[in-house]
Amino acid sequence: MITAIRETRRDRIFLAFNYLFLALALLIVAYPVIYMISASVSSPKFVASGEMWLWPKGITLEGYERVFRDPRIWSGYGNTILYTVVGTMVNLAVTLPAAYALSRRDLSGRNLFMAFFMVTMFFSGGLVPTYLLVKGLGLVNSMWALILPGATSIWNLIVCRTYFQTAIPKELQEAAEMDGCSDFRLFFYIILPLSTSIIAVMALFYGVGHWNNYFSAMIYLSNDAKYPLQLILRQILVLQEMSSQTGAFDSSTASALNSRAEVAALVKYAVIIVSTLPVIAVYPFLQRYFVQGVMIGSVKG
Amino acid sequence: MQKSTLTYDQSHLVLKPAARRRTGKKILRNWQLYILLAPAFLSIFIFSYIPMYGVQIAFKNFIPVDGISGSAWVGFAHFERFFNSYYFWDLLWNTLSISLYGLAIGFPLPIILALAFNEVKDGMFKRTVQTVTYAPHFISMVVMAGMIITFLSPSSGMIVHLIEALGFHAPDFLTDPRWFKTVYVLSDVWQGTGWGTIIYLAALTGVDPGLHEAAILDGASRLQRIRYINIPAILPTITILLILNMGSLLGVGFEKILLLQNPLNMESSDVISTFVYRSGLLDAQYSFSTAVGLFNSVVNALLLVMVNQIVRRTSENSLW
Numbered sequence: 003m004i005t006a007i008r009e010t011r012r013d014r015i016f017l018a019f020n021y022l023f024l025a026l027a028l029l030i031v032a033y034p035v036i037y038m039i040s041a042s043v044s045s046p047k048f049v050a051s052g053e054m055w056l057w058p059k060g061i062t063l064e065g066y067e068r069v070f071r072d073p074r075i076w077s078g079y080g081n082t083i084l085y086t087v088v089g090t091m092v093n094l095a096v097t098l099p100a101a102y103a104l105s106r107r108d109l110s111g112r113n114l115f116m117a118f119f120m121v122t123m124f125f126s127g128g129l130v131p132t133y134l135l136v137k138g139l140g141l142v143n144s145m146w147a148l149i150l151p152g153a154t155s156i157w158n159l160i161v162c163r164t165y166f167q168t169a170i171p172k173e174l175q176e177a178a179e180m181d182g183c184s185d186f187r188l189f190f191y192i193i194l195p196l197s198t199s200i201i202a203v204m205a206l207f208y209g210v211g212h213w214n215n216y217f218s219a220m221i222y223l224s225n226d227a228k229y230p231l232q233l234i235l236r237q238i239l240v241l242q243e244m245s246s247q248t249g250a251f252d253s254s255t256a257s258a259l260n261s262r263a264e265v266a267a268l269v270k271y272a273v274i275i276v277s278t279l280p281v282i283a284v285y286p287f288l289q290r291y292f293v294q295g296v297m298i299g300s301v302k303g
Numbered sequence: 003m004q005k006s007t008l009t010y011d012q013s014h015l016v017l018k019p020a021a022r023r024r025t026g027k028k029i030l031r032n033w034q035l036y037i038l039l040a041p042a043f044l045s046i047f048i049f050s051y052i053p054m055y056g057v058q059i060a061f062k063n064f065i066p067v068d069g070i071s072g073s074a075w076v077g078f079a080h081f082e083r084f085f086n087s088y089y090f091w092d093l094l095w096n097t098l099s100i101s102l103y104g105l106a107i108g109f110p111l112p113i114i115l116a117l118a119f120n121e122v123k124d125g126m127f128k129r130t131v132q133t134v135t136y137a138p139h140f141i142s143m144v145v146m147a148g149m150i151i152t153f154l155s156p157s158s159g160m161i162v163h164l165i166e167a168l169g170f171h172a173p174d175f176l177t178d179p180r181w182f183k184t185v186y187v188l189s190d191v192w193q194g195t196g197w198g199t200i201i202y203l204a205a206l207t208g209v210d211p212g213l214h215e216a217a218i219l220d221g222a223s224r225l226q227r228i229r230y231i232n233i234p235a236i237l238p239t240i241t242i243l244l245i246l247n248m249g250s251l252l253g254v255g256f257e258k259i260l261l262l263q264n265p266l267n268m269e270s271s272d273v274i275s276t277f278v279y280r281s282g283l284l285d286a287q288y289s290f291s292t293a294v295g296l297f298n299s300v301v302n303a304l305l306l307v308m309v310n311q312i313v314r315r316t317s318e319n320s321l322w
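These protein sequences, in sequence, are chains A and B.
Residue 3 is where the first sequence starts when you use my numbering, and the numbers rise one by one after that.
Residue 3 is where the second sequence starts when you use my numbering, and the numbers rise one by one after that.
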């Protein structure tokens with residue numbers, strides 16, 4: 003809008019460099035991703051030698067076949083979906099009502115409650131006392147160990163409270179009170195239906211957190227059958243363990259694939275794509291909400 | 003706004019009987035709000051405040067069967083053991099140097115990228131670059147570590163091929179301790195720079211277009227307008243984020259380090275938090291590792307207060 007005036011020569015040169023810089027940023031971020039997608043369907047021979055550098059070469063679906071034949075991937079996927087859905091629902095059930103209560107100016111002791119919550123952003127008991135507590139409550143090796151300790155994220159609570167304060171007109175509450183509407187009814191029947199965008203933001207923030215979480219699963223779960231996808235990925239990608247299914251050679255593929263290491267590499271690329279795809283695939287459609295969430299947070303933060 | 007609620011709260015302290023009765027009535031009238039607040043209150047109380055009480059085992063010899071209160075006090079013995087251990091300075095140095103290295107490279111880049119985005123008209127190109135650069139934020143730590151390990155694999159890694167194609171000899175990124183910090187910091191930059199721009203872009207939308215129009219009429223170049231309009235506009239955001247970052251200098255994200263650690267790079271990859279994890283949860287030295295963790299959080303809090311004080315002296319943009 004302000005560029006209606008013709009750019010000077012100096013500014014045109016600057017803009018050219020600016021576009022070049024952004025194009026470079028695009029290339030640096032996009033290239034590894036494209037490379038992985040191509041590598042996951044290319045013959046590992048070409049990948050290892052560096053002959054495959056952008057587009058797939060010697061196309062094979064062997065990597066994906068092995069990944070889908072591995073029962074650990076399936077159980078990991080199932081567990082992750084369960085933990086993500088239940089965990090996010092608990093998060094929402096705890097965060098939304100509290101954020102609304104804290105957004106009400108007529109709540110006595112509001113600043114005390116805020117202080118109570120904010121303190122935990124700067125001080126915490128630390129890893130070991132938290133672990134001992136979870137253990138003492140008998141939650142070890144149950145999915146609740148992954149869900150309950152992080153039920154309320156203070157950051158999300160503040161983002162949500164800021165939204166209620168700025169986006170919901172105060173007159174609404176006053177009118178509802180005048181009509182004798184209780185706070186419960188007001189929250190569940192009037193406020194919540196008006197807040198779908200913040201509910202989406204919260205569900206996304208919490209949901210991605212559960213989907214990507216590996217650390218609490220690693221310290222609290224001891225039973226393989228309960229492992230979420232990220233822990234299975236850790237076994238395959240970081241500890242480089244192959245199960246009999248993914249690592250096995252049957253005579254037909256043994257000739258096509260040269261070595262165990264090559265198979266391992268192929269499986270790795272395939273497993274990265276399979277595990278990250280759901281998040282990356284829905285992300286462009288939901289980007290608006292994520293950005294909105296960060297922006298609401300920055301108003302107050 | 004902050005001020006008005008504060009004076010309102012202080013009225014409680016005066017405690018005139020009538021005022022007290024009014025507050026009591028208000029609590030009664032709004033009892034449903036307290037019910038709405040209760041689950042979050044309880045979850046924070048149980049999972050954040052009870053562990054704070056448990057921190058006292060740093061000064062005790064915690065024995066699980068005796069419980070927290072039944073274990074014997076030992077004063078600062080665990081702290082002394084930590085400060086006198088041969089690995090203390092290594093841990094402190096690794097933690098600080100990884101943080102400062104990450105701050106030096108990872109902090110300015112989102113600012114520069116956000117300023118660059120801001121100069122481009124809205125359209126396909128801008129949207130594409132934004133969508134693509136934000137995306138790595140959603141890649142999980144485990145997958146990120148997997149990518150690093152695969153790309154840097156000495157025999158077949160993509161980055162190793164790239165370096166060799168340019169005619170250089172690629173070092174052993176994953177096993178050479180000298181390369182660990184660079185690998186850690188640069189992969190963070192790759193993953194976080196795009197997402198980091200959002201907060202600055204939000205601040206940049208608040209710039210009054212009139213300022214730019216006036217500057218253009220006065221013949222200011224784009225570079226000058228960035229220097230004298232845009233950067234001052236985002237300076238408060240930059241300051242606040244810098245303070246928060248300084249406050250977590252000893253709080254290096256250990257989830258990624260833990261995944262990239264191996265016996266060969268240990269001398270430069272072991273930080274305080276990974277040490278706490280190892281000695282506390284793997285070796286079950288509960289009291290000792292709690293003491294180490296407590297030392298870590300106390301230093302963090304001190305740093306935060308100190309930096310905030312310095313900033314408050316020199317500008318008006320401080321946390322409190």
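Check the hints yourself; a few may be wrong.
Calculated lysine-lysine pairs in the DSSO-like style (CA-CA distance at most 30 Å, straight line) [said to hold, decoys possible]:
#1 Lys258/B x Lys183/B
#2 Lys47/A x Lys59/A
#3 Lys258/B x Lys172/A
#4 Lys28/B x Lys228/A
#5 Lys183/B x Lys172/A
#6 Lys137/A x Lys59/A
#7 Lys258/B x Lys137/A
These are computed hints drawn from the structure, not numbers from a lab.
Which numbered hints fail: 3, 4, 5 and 6
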